[in-house]
Amino acid sequence: MTKIDNKKTTRKLFLLAAGMFAFAFALVPIYNLVCEVTGLRGTGKTEMLFDQKADKTRLVLVEFDGIVNSNLPWEFEPSTRQLEVHPGEVASVSYYVTNIADKEVTGQAIPSVIPWFGNQYFKKMACFCFEKQTLAAKESKEMPLRFYVSKDIPKDINTLRLSYTFMNTDKKQ
Amino acid sequence: MSTTTMNATHSHDDHGPLKGWRRWLYSTNHKDIGTMYLIFALIMLFLGGASAMAIRAELMYPGLQLLDPDLYNNIVTNHALVMIFGAVMPAAAGLANWMIPLMIGAPDMALPRMNNLSFWILPAAALMLILSFVVPFFPGGGSQINTGWTLYPPLSLKVGMSMDFLIFTIHLLGVSSVLASINIIVTIFNMRAPGMTVWKMPMFVWAWLVTAFLLILIVPVLAGGVTMLLFDRHFGTSFFDAAGGGDPVLFQHLFWFFGHPEVYVLLLPSIGVLSQVIPAFSRKPLFGWNSMIGAMIFLASLGMVVWAHHQYTIGMSSAAVNYFMIGTILISIPVGLMKFNFIATMWRGSMTFETPMLFAISIVIMFVFGGLTGVMLAIVPADMQYHDSMFVVAHFHYVLLPGAVMALFAGVLYWLPKWTGNMYNEKLGKWFFWTSLIGFNGTFFVQHFLGLAGMPRRIVDYSIQFAEFNFISSISAFVYGLSHLIFLYLVITTIKGIGTTKAKPRSWEGAQGLEWEVESPAPFHTWEKAPKIDKEGHYVK
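Protein chains in written order, with this note's numbering: chain A, 1 to 173; chain B, 1001 to 1541.
What the hints contain is simulated information worked out from the structure, not anything from laboratory work. Incorrect hints may appear among the rest.
Straight line, CA to CA, 25 Å or less: simulated DSS-like cross-link-like pairs of lysine-lysine [stated by the list, open to error]:
| no. | chain 1 | residue 1 | chain 2 | residue 2 |
| --- | --- | --- | --- | --- |
| 1 | B | 1158 | A | 103 |
| 2 | B | 1158 | A | 7 |
| 3 | B | 1430 | B | 1504 |
| 4 | A | 103 | A | 56 |
| 5 | B | 1200 | B | 1529 |
| 6 | A | 151 | A | 56 |
| 7 | A | 53 | A | 124 |
| 8 | A | 124 | A | 155 |
| 9 | A | 132 | B | 1158 |
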């Protein structure tokens, strides 16, 4: 009698363990969903500005910063280090990128905003970070970014730092 | 050890164990497998201890003396993994194997062949773990595992092939502990003697039941996480690689979804041990029986959903941070309840102070230190300062050494007469207790101050103003490390019966439970005929 019981219980427990292994993989889409819903991560989508009236009463300082991951043979630098903008005002800056390798390389810029809770107020209308960028050997390029700071940005955030890390997407060269 | 079973008196229908190495390799006997688990854990304890000594030797003086930074971090990684997966978990599994069938009146574990498998995976896993440490020393072996036991990407994506050894080690260890947990649950559910209802089971059995469920729920998640790491490293996926749209922070969530409940996996068997030891030497039943079970289940459930308090600094929404903070602080309620139950059990008991009891009392006190610093670390704004400092190191050693390791020592000393048939030398036991108590507190108490003053963890060198406390910590660590040689000597002399007295079936005056109804040493086969148990849960001769 106990033998049959043992088999049943064992099978159920094995199923539970297998279910938890699958749950680990299910956490990947769940995690991405949570990040997008809470605004912790940019959606990578183009933001539109409908209300053209900027809030002239305040200024937000935006700082720009460019980092290249160690396995990408590029040079990457913003043309402007910092810019003061009114919330709701559209601004443009550009970044200079140079491939110093002797071959074509593809990279992807990953943005991050500091402080992290300011991310949801930094709206990108056009950005080179929306897609992968390919540079031929020794090629240089100017890469544009158009953005605005949303008008509902809390009063206590006066500075936003936008930091890009350019990463190599050519896996296992 | 073999002498203990040779003399077994009732061998009328008892074919006895196989001879030589076959006895151990082919073993399906819960006592032999329990013994092997415990010996394996002891070997791993000395290996992990050696790496701890190397760490403290390097940190004795500021500057670089013995280890270069990568090797130092590799040793830190190795120390954590060997101690958690090699020493504490197998030792707890060894106690479970030995004691659960004896305590519930079962002839053996429910799935004896699987029991054999779950033990014999461990030496293979240990070999892989050691390889992951030594491979970088060979030409072409790649870089050292300098990530710490948390294996966070992107660093872990860049480590050389030794990381692959480590990932497979974790897979093997995971399989082993899931198999062992399934076995334990099936045994507890289906193999109890008639009359032994779940509400009459000894607390140690209850503690292991909760632990085994926790293990089945969390270990597969870690296995999944490191599998993704392996895929990112070799098969072009981007779970954690930001370049391909992945997120390294996701790994932290997967890791701590396992990693936080894991501390309860280490703690709960020890709570079970204390629930046997304290009533035995207080000569009183355990206070607050139902609340103890409730506290363990509450602790395990709540422990599953507060993992992100290890990651306050990653930038979560304030709602999430608040939730994890409040959840974490709530954990102190069941833990506090357990401690009050232990104190109330001792209250007005006829206490005697044999070594297991001395350990138990010191654990109740020292675990509260670790618990209180845990509450400090749970508070988000405070944690922003303490994060990744030596304060955290002091905190988790105060939780894990009393809460897991020392309680296992208490359990081993408590049941050693039952296993070997000999009472260990009480004088040696007391020496071991006092040296390890002084060594432990000297090592870790000063690290609180170091952390608050700003010394970071996982860094091989430190600023000159931290020199005195680090020196005290290192000297105490050597005392603590060496004290375990007394324990080793004590165990060997007890097994061999040198300078010991014979143990009675009920080796301790106040000890309660079915395990004390069989002879000492416990015969190779016990409870082949299920014991009779009356309505109160007591054994009927």
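Numbers of the earlier hints that this structure fails to satisfy, in rising order: 2, 4
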